[in-house]
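Since the structure of chain A is provided, determine the placement of chains B, U and F with the ligands on it from the hints.
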Amino acid sequence: MEGNTAAARSPQREVVEEVVIRFAGDSGDGMQVTGAQFTQETAIFGNDLATFPDFPAEIRAPVGTTFGVSAFQIHFGSHEVRTSGDAPDVLVAMNPAALKVSLDDLKVGGMIVLDEGTFNRRNIAKAGFDSNPLEDDTLAPYQTLRLDISKMTLEAVKDLDLSKKESLRCKNFWTLGLMLWMYDRDRRATVEWLNKKFSKRPEIAKANVTALNAGHAFGETAELSSNLVGFTVAKTDVAPGVYRTVTGTEALAWGLVVGARAAGLKIMLGSYPITPASPLLHNLANLKAYGVTTFQAEDEIAAVCSAIGASYAGALGVTSSSGPGIALKTEAIGLAISTELPLVIVNTQRAGPSTGLPTKTEQSDLYLAVYGRNADAPLPVLAASTPTDCFEVAIESVRIATKYMTPVMLLTEGYLANAAEPWRIPDTDDLPSFPVKFRTDPEGFQPFARNADTLARPWAIPGTPGLEHRIGGLEKDSVTGNISYDAENHQHMTDVRAAKIAGIARDIPQQEIQCGEETDVMVLVGWGSTFGPINQAVRQAREEGHSVAHIHIRYIVPLPSNLGDLLNGFDRVLVPEMNNGQLLTLLRSTYAIDAEGLNKVSGKPFRVSEILDAIRTRMGDAS
Amino acid sequence: MEGNTAAARSPQREVVEEVVIRFAGDSGDGMQVTGAQFTQETAIFGNDLATFPDFPAEIRAPVGTTFGVSAFQIHFGSHEVRTSGDAPDVLVAMNPAALKVSLDDLKVGGMIVLDEGTFNRRNIAKAGFDSNPLEDDTLAPYQTLRLDISKMTLEAVKDLDLSKKESLRCKNFWTLGLMLWMYDRDRRATVEWLNKKFSKRPEIAKANVTALNAGHAFGETAELSSNLVGFTVAKTDVAPGVYRTVTGTEALAWGLVVGARAAGLKIMLGSYPITPASPLLHNLANLKAYGVTTFQAEDEIAAVCSAIGASYAGALGVTSSSGPGIALKTEAIGLAISTELPLVIVNTQRAGPSTGLPTKTEQSDLYLAVYGRNADAPLPVLAASTPTDCFEVAIESVRIATKYMTPVMLLTEGYLANAAEPWRIPDTDDLPSFPVKFRTDPEGFQPFARNADTLARPWAIPGTPGLEHRIGGLEKDSVTGNISYDAENHQHMTDVRAAKIAGIARDIPQQEIQCGEETDVMVLVGWGSTFGPINQAVRQAREEGHSVAHIHIRYIVPLPSNLGDLLNGFDRVLVPEMNNGQLLTLLRSTYAIDAEGLNKVSGKPFRVSEILDAIRTRMGDAS
Amino acid sequence: MTGTATGQLTAKDFTTDQEVRWCPGCGDYAILKCVQRTLPELGVRRENTVFVSGIGCAARFPYYMSTYGFHTIHGRAPAIATGIKLANPDLDVWIVTGDGDALSIGGNHLIHVLRRNVDVQILLFNNEIYGLTKGQYSPTSRRGTRSPSTPKGSVENPISAAALALGAGGRFVARTVDTHQKRMPQILKRAYEHRGASLVEILQNCNVFNDKVFSHITDKSVAVERQLHLEHGKPLLYGADDSHGLRVTPGKFELEAVTIGENGITQDDILIHDETNRTLASLLAVMEPPALPVALGVIYCDPAPTYGDGVKQQEEVADGEASIESLLRGGDRTWTVMG
Amino acid sequence: MTGTATGQLTAKDFTTDQEVRWCPGCGDYAILKCVQRTLPELGVRRENTVFVSGIGCAARFPYYMSTYGFHTIHGRAPAIATGIKLANPDLDVWIVTGDGDALSIGGNHLIHVLRRNVDVQILLFNNEIYGLTKGQYSPTSRRGTRSPSTPKGSVENPISAAALALGAGGRFVARTVDTHQKRMPQILKRAYEHRGASLVEILQNCNVFNDKVFSHITDKSVAVERQLHLEHGKPLLYGADDSHGLRVTPGKFELEAVTIGENGITQDDILIHDETNRTLASLLAVMEPPALPVALGVIYCDPAPTYGDGVKQQEEVADGEASIESLLRGGDRTWTVMG
Ligand SMILES: Cc1ncc(C[n+]2csc(CCOP(=O)(O)OP(=O)(O)O)c2C)c(N)n1
Ligand SMILES: Cc1ncc(C[n+]2csc(CCOP(=O)(O)OP(=O)(O)O)c2C)c(N)n1
Ligand code: SF4
Ligand code: SF4
Ligand SMILES: [Mg+2]
Ligand SMILES: [Mg+2]
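Residue numbers (numbering that gives the first Met the number 0), protein chains in the order written: chain A, 0 to 622; chain B, 0 to 622; chain U, 0 to 338; chain F, 0 to 338.
Because the hints were derived from the structure by calculation, they are not lab data.
Among the hints, erroneous ones may be present.
[To be verified] Quick list of in silico lysine-lysine cross-link-like pairs, DSSO-like style, CA-CA up to 27 Å: (1) A/199 to U/211; (2) B/125 to F/11; (3) U/219 to A/164; (4) U/133 to A/125; (5) F/133 to B/195; (6) B/195 to F/151; (7) U/211 to A/164; (8) A/196 to U/219; (9) U/133 to A/603; (10) B/199 to F/211; (11) U/32 to A/125; (12) A/195 to U/151; (13) B/125 to F/133; (14) F/151 to B/265; (15) A/199 to U/151; (16) F/211 to B/163; (17) A/199 to U/251; (18) U/211 to A/163; (19) U/151 to A/265; (20) B/164 to F/211; (21) B/164 to F/133; (22) U/251 to F/233; (23) F/133 to B/199; (24) U/233 to F/251; (25) A/265 to F/311; (26) B/265 to U/219; (27) A/195 to U/233.
[Said to hold, decoys possible] Output of the computed footprint for chain A on chain B, the stretches with three or more beta carbons under 8 Å from beta carbons of chain A: (28) 15-25; (29) 135-148; (30) 489-502; (31) 597-605.
We treat Cβ as the ideally placed atom computed from N, Cα and C, and that holds for glycine.
Excised from the complex, chain A in its bound form (with noise of 0.2 Å):
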């Protein structure tokens, strides 16, 4: 699809150069669907834009409470977009638990558009409001805009010989139109897409767009009539090229299979459900037709096992959890790193210890992969930043899973696993190829002889004639792999184990300051998810005009080789991290430099206003 015929431009529209909008609702109100729609044609319009899908813990809350309340915030503008906002511009609340736990957020003087037709006495009392916050002066700091919208939908549908309660259903798709009047977007994808889905049942696509189409033109002639303004929000200048909107997940799962055709392999992920690490599972059973087997195991343990079980045998095998089952999986990642086989360990991280807040995003996993094994063991650890850069990541982690013979973990976020993003999908000429060569010369063949190089040993799979070879968990001799007691060995064994991942450094870029300069004074240094709030804090921390840098770090074990003289050269280095301190401890550690934490664990992400407000502090009045 192409262009971005847009409707027909009102002379009232406001310019604006991005907003934030964050739809809220119950989780039967579909407001994930909403703010898809939304992000579908904004970024089809061409801007730049950012999401943070935040949804209950519940499968189901109960209607109307504040705990079942599901929301999605899109942050959209012409320039580029780093985060989903700090605080909306506009609150689209479907009921007040909606408004209820949306309104702290909210900038003063921001918009709130809510449906009159839920604020009975029972929805307001639920979202726990003393009193009708459309009564008292709850409202006062914000414009709003009160519409029935209940009312209207069920207007607009009337004809359609829809129950009631699916009537009531189309809600979303009216304030969507609305919205998207409102921001002068198109609405033909979402009329496809409604199209497709219900293509079984046309009787609810219809009632969608219809009502979709009525939110749209109650925007239209509203405006005429009333006080309601429109807005325009330029395109953002990005490179040509064709692009789709991508969350983390589908980035990912994406990345692996690029990768594992990049090394000539198939996949074989072996998973077991968690939350915020499923859907992974859920997009790759799709994709068997893209040479991918999923096998949803009993536990987490025969999961790993599986995939190590399968690459033993010459596929890729990949396993996917989140840190309680991370955990789990702890045992038998070492025997991969013992018998020296590929695997990638996807790690979504949400909140804990423990079971924690599975719906909430953290990064507290990083101790977890660096650190947690029996004994000495060593493995790459890579780290997506934003949703489009999973794929990368993803690709990379197979690179290096094959290169190496090594486990190799990915660790993303929640959060990204679930934040949308356009992307510039790449040419299909432009994606790397690193094709496997199994060893099946029985001349000379020892299952231990190591690339003089890479210090990886052959992979040589069943079914080879004449390779036959017996590995295992015990320490093995250095060449022939057969157990071996000897102390010795068991020396070399450990440091050619440690050297092996070391020496990947070599083979990573190096790392670069993704804004500032060497010579400033500070450097913010950050991994994950943090990226858009720290790389925002800082480019408007140098327009204040403090001397502060962004590293973000993607390759954490090995760090880049460049990374230490780089960090020696900043007077202070601060960790923003959505944990107590883990990628500080690491870099404390490696380079005995005292850098100093700035460190959130609410379940939430950083604000921009949090990382600017510790710049100031610690850079005192701009220099």
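Just chains B, U and F with the ligands now, kept in the frame of chain A:
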């Protein structure tokens, strides 16, 4: 029992200050028993000592092979003894294989006592000798005592109506008798032990006693007729008191029992067999009379979970394992941290990674202990440094676990578990008391309201009327313990969990310098079983004039509050560890100091000389 | 929620102030209500009762019971419960678990708690799906189940909780249905009275991810033809007016459905339920419509000594109060160094 | 050990140069010999054969087979084997495991590999003890077993591997004895030929920690009276001159031992073995002397589609070669920004 009436002194006895003897033979030769009895008699005689039992990985390796050799080394002296000795002065070799594997370690000029009767062509070949070492110059650098022990044993017991096989089984007691004569030790405890052990088969007891006496008599007679020399090692000057020898396992088991008594609790040990941790399970399984229940679970996960359940219900839950098994407990330990229940987790470390070298020693699970969990999940980590130290560390672990309502990780090592040393049995009156007070008062009860001082939550156990409440692994409200998804609450709980553990630093002793001065130039910092070799090496280095000190850390998390200042006082910090630098990471990251590692990962303890050499290299000539 | 729980308690006394957070319409509500109603009838004390659960929708159960409650980790409730019983055998311990929790990740602990015969009640809420993680198929899902992780349908054979329990050596196996508010209390009572591990499988509707998966046996229109309510010592009859029954296929180790009055079949041909017969139980456990009705009620009950009995016996011999003095100085291997 | 393994192979071709390190006299030696002898008879190729094991004495097995071999971690061999089969369904995969490995820590993987019917052969060396860790009791140890962790005797009921496998839905269950060098090859062959998961329990003597634990059935003096060798379609006879047999206790789901010629019993009263009858199998699985003989041979064999079949079918539909282009640009949600 009392006293140490030695055998009649012979005029020719040479006086030596210390001696290292290694008993080595086939796994069926009873070398561990021989070593243990020699140890017992030596302890009773009044020498300080340290031992190193080293047995093969196989249950019963084929007879005569080198990998089937079982060895027991003892170091004793008239002064304080800190290690089991770098190199034996005396090697007792019961067959060619035993000679083969120990020869390289023996001191040049050292003595070999060997059983000539086993040096037939077959055994010599099996041991991997190209020619008969008794006939070539292999033994030239040593004093060799060739005795046909087999024959002399058969001779000694020939009237006792035993089969040849049974008769030959007495060889080790013949040898023990000779060695007891040689070092002027009593035989009484051994005779008593034999009579008790074989009370149901008195003919076997008698045969062994006969062999023992025959070996002893051989010494006395040969001394007069040949060049055989006896030695005297004077008693060590030790504090008065009642003594016994203990292995680390015994001391640990007893420490747990004493700790539980101090807390007023019963012990529930949930465990699953694994080398070298099983002996603790076996030991505690025999202590039912002391309020210990042991549960051999279906796996390590069930083991730790049963211990958590037991703690929840008001017992002291204990779980024990080694590296791979501890790895499996990772997820459940997170639950204990999150629900803030007391628990003692004993990790008897072995060589890794993965299955590794189960019978070899290592200290490479510090990372796993300190960092090996999903999310921010801190817990106290303590490490024992000598067999007898296990006693106190166990008591401390119980104290901290119950006082702070937290799981505690207790690190010990395969080496410590099996090694023995003399122990001055504490006076029962001197044992600590720290009775647990279960919450019973329903008035104002809140499951997560904390003691202002310790930050511990109350221990409210099922069965208590009025305190019914629910706990679990989801994040909890900081007071009620009910599930809370609140962002600030999660931040608060994360902070308070960290603060509780950090606060234990106020409740543990300040770090002492084990040897040397604050003003020294270099400090060696160790933990665990390296105590002996580091201490000995530092003492020797100081005698050579090097300005070097020794700090040994028992409390790894939290570190003693004065440790940073202490370390900063030295120009150089060297951290010898039997791993690839794990305490090193902790020290570097905690204090941002450029400490250096001295690492050995061969499955064998450090030699004093290795550490001494490292000191010399770094300190240059004595300053 | 404070105060000693003695005297006549009611369902309300077993209710907490926590808002129940299952989906509206979930079968878990009915089970909760039933348990809260039954406990007072059993005369249990609140403070003496512990609900232990793993993770899953079902596993949220303890939060709603005003007894002691421990919401543990996925699959491990049987192990935690075993520890609780070892520390305090006097507690009444109930395990609440789902089909994924009990039979997928927790399968090993389940078979071992049954084998050891630890004295606990296990309520297994079987909705043939992973509810909490949003609808993946579970080990009890039927072949062909389409779910997010099996978009083309699952290719695995479902496991039968009851058959597995019998294979593992369980001594009490029963089955009921979430909506059976009259019959469930009887079964809970039997489970509670059985000394040893009691497994109660409860067919539970997950109306969000697996709605109506049991409707072929629970729908009013078919219930009477497809449910056989077991009673020890009574003939295995079912259907309207007990028109159908089960008999042993002559010469075979098989059960077959017969109609009274057809082909000369009389009541006398119908097999009598014997709770203590493991083989019969194995056959009843796996019956499925349409060929056979689903067996509900107590499938197997044949008490044996509990794990706790064995442990206690050894501990009584040992007595548990020996002195530290005897521990540290015991044996004959000590010596004294004089001052 | 190099060179393609085709043509007539011998036991020696399946032997490695690694010194076998079991205790002298261990039953494992006999099993190893038997497997090495049988594989050539099955006509398998060395390079196509993988032995996967967990941890334990038994689990050292792969080191001695000159095929591909993977000595994994404790209890997890079935999961690793499942991954191997998913990656390459053409491989012959044998799992070697001990009673602790398979039934204690690995119990869950065992039941799931059986339930899924993954096409592997599982050789379970049951010595009723943990050999490698020096003699603790295992889940198959009899009640009262004294061991380092149960100095006063264990208080747990042993599990029956065969009964558990049947309860889990296994489709092939057999049993043999380490020293049965003549019969074992037949059983291995049957296991190999069975498409799906085949469980072969091998009673194995651990002469160091549990010596003679099977002597009550294997001793020459009692063997003939206490071993029943099953043959499909043949009557369940045993004893000298087939003097004894099994029949169904009239009116009960039970088996009883009878003597031909006594109380009017004739050959006709004796039950015929039907491998495909799961209920009969459940009864045979748990028979124990002295009341009943131990059942040896193929207890149950009733093939069903394998897990691999189901997976393959879905993959064939999907074809597995779709282009990356279609992956990244597929669907209708892309747009173009012009240069
Ligand atoms: C170690 C671990 N793995 C996975 C999960 C995710 N998880 C939570 S509940 C569940 C399965 C729930 O299914 P079931 O036990 O049938 O309970 P239901 O929700 O259907 O009542 C899973 C996979 C987890 N919490 N912990
Ligand atoms: C995770 C883990 N837990 C425990 C062990 C220790 N371990 C090794 S083998 C074994 C049991 C062996 O028993 P079995 O499976 O019956 O094999 P056998 O030695 O009797 O042949 C145990 C407990 C281990 N290696 N890994
Ligand atoms: S997802 Fe299903 S099982 Fe879970 S609460 Fe909702 S309806 Fe009940
Ligand atoms: S311990 Fe037992 S099972 Fe293991 S090798 Fe020795 S005899 Fe065999
Ligand atoms: Mg379920
Ligand atoms: Mg065994």
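Going down the list of hints, with the structure as the test:
1. A/199 to U/211: Satisfied, since the Cα-Cα distance of roughly 21 Å is no more than 27 Å.
2. B/125 to F/11: holds (23 Å)
3. U/219 to A/164: Within the cut-off at roughly 26 Å; holds.
4. U/133 to A/125: Judged against 27 Å, a Cα distance of about 26 Å means the pair holds.
5. F/133 to B/195: holds (23 Å)
6. B/195 to F/151: With a Cα-Cα distance of about 19 Å, the restraint between residue 195 of chain B and residue 151 of chain F holds, given a limit of 27 Å.
7. U/211 to A/164: Cα-Cα ~21 Å, so holds.
8. A/196 to U/219: Violated: residue 196 of chain A and residue 219 of chain U sit about 34 Å apart, past 27 Å.
9. U/133 to A/603: holds (22 Å)
10. B/199 to F/211: Since the Cα atoms of residue 199 of chain B and residue 211 of chain F sit roughly 21 Å apart, the hinted pair holds (cutoff 27 Å).
11. U/32 to A/125: The given pair, whose Cα atoms are some 23 Å apart, holds under the 27 Å limit.
12. A/195 to U/151: This hinted pair holds, its Cα atoms lying about 19 Å apart.
13. B/125 to F/133: holds (26 Å)
14. F/151 to B/265: Holds, at roughly 19 Å.
15. A/199 to U/151: Between residue 199 of chain A and residue 151 of chain U the Cα gap is close to 18 Å, so the pair holds against 27 Å.
16. F/211 to B/163: holds (24 Å)
17. A/199 to U/251: violated (49 Å)
18. U/211 to A/163: At roughly 23 Å apart (the allowed maximum being 27 Å), residue 163 of chain A and residue 211 of chain U satisfy the hint.
19. U/151 to A/265: holds (19 Å)
20. B/164 to F/211: OK: residue 164 of chain B and residue 211 of chain F at ~21 Å, within 27 Å.
21. B/164 to F/133: holds (23 Å)
22. U/251 to F/233: holds (15 Å)
23. F/133 to B/199: holds (23 Å)
24. U/233 to F/251: Given that 27 Å is the threshold and the Cα spacing comes to 15 Å, the pair holds.
25. A/265 to F/311: holds (14 Å)
26. B/265 to U/219: violated (54 Å)
27. A/195 to U/233: With Cα atoms ~57 Å apart, residue 195 of chain A and residue 233 of chain U exceed 27 Å; violated.
28. 15-25: violated (count 0)
29. 135-148: This one is violated; 0 residues, fewer than the three required, reach chain A with a Cβ under 8 Å.
30. 489-502: holds (count 6)
31. 597-605: That given contact holds, which follows from 5 residues of the stretch 597-605 of chain B lying within Cβ reach (below 8 Å) of chain A.
Hints 8, 17, 26, 27, 28, 29, counting from the list given before, are not met by this structure.
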